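J.: Put together the whole structure using the sequences plus the hints.
Chains as they are written, first to last, in numbering that gives the first Met the number 0: chain A, 0 to 466; chain B, 0 to 466; chain C, 0 to 466.
Take the hints with a grain of salt, since some may be wrong.
Since the list gives no way to pick out one identical chain from another, each pair is judged satisfied if it fits inside one copy or across any two copies.
[Stated by the list, open to error] As a list, the in silico PhoX-like pairs of lysine-lysine whose alpha-carbon atoms are at most 25 Å apart:
no.	residue 1	residue 2
1	K432	K324
2	K257	K432
3	K432	K323
4	K40	K324
5	K40	K252
6	K324	K257
7	K373	K40
8	K432	K40
Just so you know, the hints here were simulated from the structure itself, not pulled from any lab data.
On a predicted model such as this, the values are computed, not experimentally measured, just so you know.
The residues making up each chain are set out below.
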Amino acid sequence: MKQRSQFLTRGLKMAGIFMFLALFSTVFAQEAATVAEEAPKYASYDDFTASSGFALFTVNNLWLLVSAALVFLMHLGFATLETGLTQSKNTVNILFKNMFIVCIGILGYAFYGFNAMYPGDFNGWFAAGSWFSVDNEDVTMVTDLYNNYTWWTDFIFQAMFAATAATIVSGAVAERVKLSSFMIYATLLVTFIYPMTGSWQWGGGWLSSLALGGTVDGEPIGFYDFAGSTLVHAFGGFAALAAVIVLGPRLGKYANGKVRPILGHSMPLAMIGVMLLWLGWYGFNGGSVLSADPRGVSYVFVTTTLAAAAGCIGAIVVSWVLLKKPDLSMGLNGILAGLVGITAGADSVGMGASIIIGLIAGALVVLSVLFFDKIKIDDPVGAISVHGICGIWGTLAVGIFADGKSFTNQLVGALAVSATAFVASFILFTVIKAIMGVRVSAEEETEGLDIGEHGNEAYPDFTPAHK
Amino acid sequence: MKQRSQFLTRGLKMAGIFMFLALFSTVFAQEAATVAEEAPKYASYDDFTASSGFALFTVNNLWLLVSAALVFLMHLGFATLETGLTQSKNTVNILFKNMFIVCIGILGYAFYGFNAMYPGDFNGWFAAGSWFSVDNEDVTMVTDLYNNYTWWTDFIFQAMFAATAATIVSGAVAERVKLSSFMIYATLLVTFIYPMTGSWQWGGGWLSSLALGGTVDGEPIGFYDFAGSTLVHAFGGFAALAAVIVLGPRLGKYANGKVRPILGHSMPLAMIGVMLLWLGWYGFNGGSVLSADPRGVSYVFVTTTLAAAAGCIGAIVVSWVLLKKPDLSMGLNGILAGLVGITAGADSVGMGASIIIGLIAGALVVLSVLFFDKIKIDDPVGAISVHGICGIWGTLAVGIFADGKSFTNQLVGALAVSATAFVASFILFTVIKAIMGVRVSAEEETEGLDIGEHGNEAYPDFTPAHK
Amino acid sequence: MKQRSQFLTRGLKMAGIFMFLALFSTVFAQEAATVAEEAPKYASYDDFTASSGFALFTVNNLWLLVSAALVFLMHLGFATLETGLTQSKNTVNILFKNMFIVCIGILGYAFYGFNAMYPGDFNGWFAAGSWFSVDNEDVTMVTDLYNNYTWWTDFIFQAMFAATAATIVSGAVAERVKLSSFMIYATLLVTFIYPMTGSWQWGGGWLSSLALGGTVDGEPIGFYDFAGSTLVHAFGGFAALAAVIVLGPRLGKYANGKVRPILGHSMPLAMIGVMLLWLGWYGFNGGSVLSADPRGVSYVFVTTTLAAAAGCIGAIVVSWVLLKKPDLSMGLNGILAGLVGITAGADSVGMGASIIIGLIAGALVVLSVLFFDKIKIDDPVGAISVHGICGIWGTLAVGIFADGKSFTNQLVGALAVSATAFVASFILFTVIKAIMGVRVSAEEETEGLDIGEHGNEAYPDFTPAHK
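T.: This is the structure we're talking about:
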């Protein structure tokens, strides 16, 4: 009972912090309202539907909506993957976290993140905004800003992206993080921190006009991150790294100087997760073309697919050599590594290069997983390696394989976002730790978080064989 | 052996009843043939493909086909959700029921339902028709009736909807219903009763021109149900309520005046189910725009998403307060509640309203689940609460939040369809009960329906850990 | 350790054979380069995007990309279906095989298969090519060859198809095949043999202009296989039959002249698999229209759906009569049988015929599964019956139900491809058997391939109920 009333207290605290930040954000709200100021190209929606460009607009818009649905499905992919790779006594907890993140992520993005990330008027470093300050009636027509899809499509596609970052962290801190603390952490990370670094590039901020790597025709080359190897994946991966450092490893994982493997409970769930993530990536990368342009989208489909396949083969070969066995979970992580790796340059590297990027990402993820275990960073699902390390690799690969990009810029951008994610996550999680703790008790960890946090189990009436 | 030959007898009985009703329906078949009478706008299909409107028609048609595929996927969502929330000894039975329903639902809709629900000439209350009486060669061109998609697209999209209603019932009667009886019940419900109430609104029947709530410019305001909060979900939910009343609770559920929880066997399956249902809802609601209109579809995507997310948060908060713990299954039901709630008004309520509708639906579903348990209505998966109660809530919400709609009409429509579904389901199930019984024996219920009805188990060779 | 170093040796052998064949294929590479020679219709991509046909091209292209994603999802469907229908001790092995096949299949198709199957200049019987010899810059514009989609779309859609053939075999040889041997076998089958028989029809080879069945207006009627009942499914099914004959049945399956059922370990996984396969079939058949043509795609959706539903009902009825119980796995196989059966004629048989084709396929698959068990062909998932037998049935059905097709041609084509797949698979698997063996030891088979081949288990930390 005492335990339970603590949940309530935590819930109220969480609501309080959220309210405060929401209030804070409205101060800057007028900035975002400029979105609506742009003059629409057509006098009315009927005029627009009768125009010759309407069919093309419709198919472009449709593809982004389908892409949003595919990116949504990635959240089921993350949920099943993380569940499969962890113990059955923590399954309810992991599913709950993933369910919560996608829901609060979408609402947080509506209340604050969307207009903070894509402001109409940007100061170059920070942005703040509020979705509800936009007069939605004014944003329905084609404008220079919304040339291929509607304002609503823009919101829903970006909202599905946003929650991904926090979900990445959820896998790394699994099996010992306190639920209420993580709920607060995830809410704040996805609502306030992800849009900030995101705005640096996709909101027209300082990274998008980075001149460090040189200029072309007087224009700075800028940082390049097609669909978010850095802005989504490295962001999530390095936020996860910080959280894991604050949190510490699971009990018994590094006992007596040895690495004790804590195995997962369902490889079919892990397989379902990775295949759904791969499927969702066609929306993640394919939708980032921001239209249904045939050349653009089909090219991105090819590079994304080749990198995923090559990532798998790379991870199989390296893990077979190093671990002396064909490891399924390494192959699965290799697929994700290849996908994360190609995300920054899916539209701009060659097809041969996409295979090389995938192969290296697949090899890298195996080495990275082994490395982090060696330095006692306990990441149950390999999220830091897959998203953090391969996210940076993919970003740098654009500087290596794509024309007209700057390796220096890619390095600066990847490090700036990763470091910011790490520091912000570290501060945020440390503050939450000081206020209410971030880790369950040793007893609860041993018994399982399902009973400790939820009073439920994942498989209560499961009786496999009656024979 | 005796047991088994009974199955055969039941099968033959089932076939007999079905044949009779199919025969019956052909009497009215000429009515439906009027579909084909409308003059096509183009002399030939080649003329049509060469016309300037063909690209837009193609994308509109494509979106409805993709939507049909998404709604199809909802049947997998229902199957995994229901399986996850019930005991492992009844898993084969539940999967079989769901597999059967989608198949017989599609065939029944082809043989009878489609043209009964969307007749060319409607008498206002009842309709009957036969798909096979339509000369399909004549329905290929654009007509006033088929302006954005083909006749085949119309059929396939609506057929996927139809089976949903019976599937809703399947979850509520799980773990004690006799397979053969339910197969007959579901076949008749989806083939003959669902199209009748459906035609009242979507077939141009009396609800669509309801004048009770007033008129605008001399035209009756009519009932409004965008994608089926009432016509699909409340229909299914109240059909389920009647079936559960006839059937009675599972053994031991309400022993000695106490509610004994009978837990499910796989929360990952339940999570997969809800997330697939959410995904499928983008087709369910998004496809109900009946075109790929960019403003329409993207707006529906936004309201649908916000309501689902808010439903989850609403259910989490209310269940946390009432049950003193963060309950995963309540959160999952909250998502579905939000989705059911927004279905009636996804295109016509504001974005803020969609969040409120979702929050209330999420709260409502928790209270409703607890309420039905209190009055000893045993619904293993909460189908009556999710689809019945939240379906009515969503329908009423249109009267509250949308412009130009009538609360009175919404109330009348919701009650008329729900009451009809309840009464028809009650009569149908009572008749089947009298003829052949609707419930398995107490022994079979205790042993599990998998062995009793199928002679099979769901996990025969499952040996989790060999260590 | 000895065991493990053998894996490495096998891996190197595999790499060696692959390299040799890749080298071999480059000799013929110049042949394929003719793809790029065709003159594009537009001076530049910008000219093309500004043309009036661009919107229609965009939606056609988009549909094929979405279809490719749906066909990709079929690989998850196969993985979960095969996993569900086999024992839990072989789960990691099956998942690994399926993960590997889709990845190596895509890469092999890129390195060799694609241009071998769709050569610019075809000699009528055999073809060889290399993807990397095509100058990809030249294939971006609309040409006579690429009228509705881009070269990249063509590649990705066909690549997803290609891996399917090898995956079909994987289910039939499950639970006793040596991993490394199967990896080599699958790689060679999908890279070199599938494109050869595929080119006979879809590459413009001898089957496409078969004159045996007569001519119309001086043109040969040719063989007809809309989406691959023969070229994909019968190919895979008969390749599987040969592999199973070489491999022999699982231990204890046919002991003392009796058939001992070896049951699967998760019917929910099997259900997930079949429903995802059904969903994916909308891309498999729907995408084979090779455009988003409204009449074409929507008609194919209807026939595909009706055949799947009828296949389920057919299998339920026949298995209920023969086995005296409603069998879930037979119903699921009936769905797949209906889908395989309609694949050859989804665009050209009538809607009533699609129901008949499905019903017969559903009946046939039950009889065929029982038959193969009787003659001691051990196929754990029924792949030979579903894909082989129903693939041939579907191909013949086109000759029966479609206008203007020749039954003789259908018979010749189905037999030619099936026999070639059988013989090639038999030779390939026999050669691999002679070099390195194709079967695990009896000890490993009893212990399970997960531990034997991978040193891992599928459910190591799975503890269902703690109560």
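J.: Give a verdict on every hint.
T.: Tested hints:
Within a single copy, K432 and K324 get their C-alpha atoms only as close as 40 Å, which misses the 25 Å cut-off; across copies the closest is 21 Å, which meets it. In this assembly of identical chains, K257 and K432 lie within 25 Å of each other by CA distance neither inside one copy nor across copies; the values are 28 Å within and 41 Å between. For the homomeric pair K432 and K323, the shortest alpha-carbon distance between copies (23 Å) is at most 25 Å, but the shortest distance inside one copy (41 Å) is not. In the homo-oligomer, the alpha carbons of K40 and K324 never lie at most 25 Å apart, since the shortest distance is 61 Å inside one protomer and 52 Å across protomers.
In this assembly of identical chains, the alpha carbons of K40 and K252 never lie at most 25 Å apart, being 61 Å within a copy and 63 Å across copies at closest. Proximity of K324 to K257 under the C-alpha cut-off of 25 Å is restricted to the intra-copy arrangement: shortest distance 21 Å within a copy versus 37 Å between copies. Taking the shortest Cα distances, K373 and K40 never come within 25 Å of each other, neither inside one copy (59 Å) nor across copies (58 Å). Taking CA atoms no more than 25 Å apart as the test, K432 paired with K40 passes in neither setting, with 52 Å inside one copy and 64 Å between copies.
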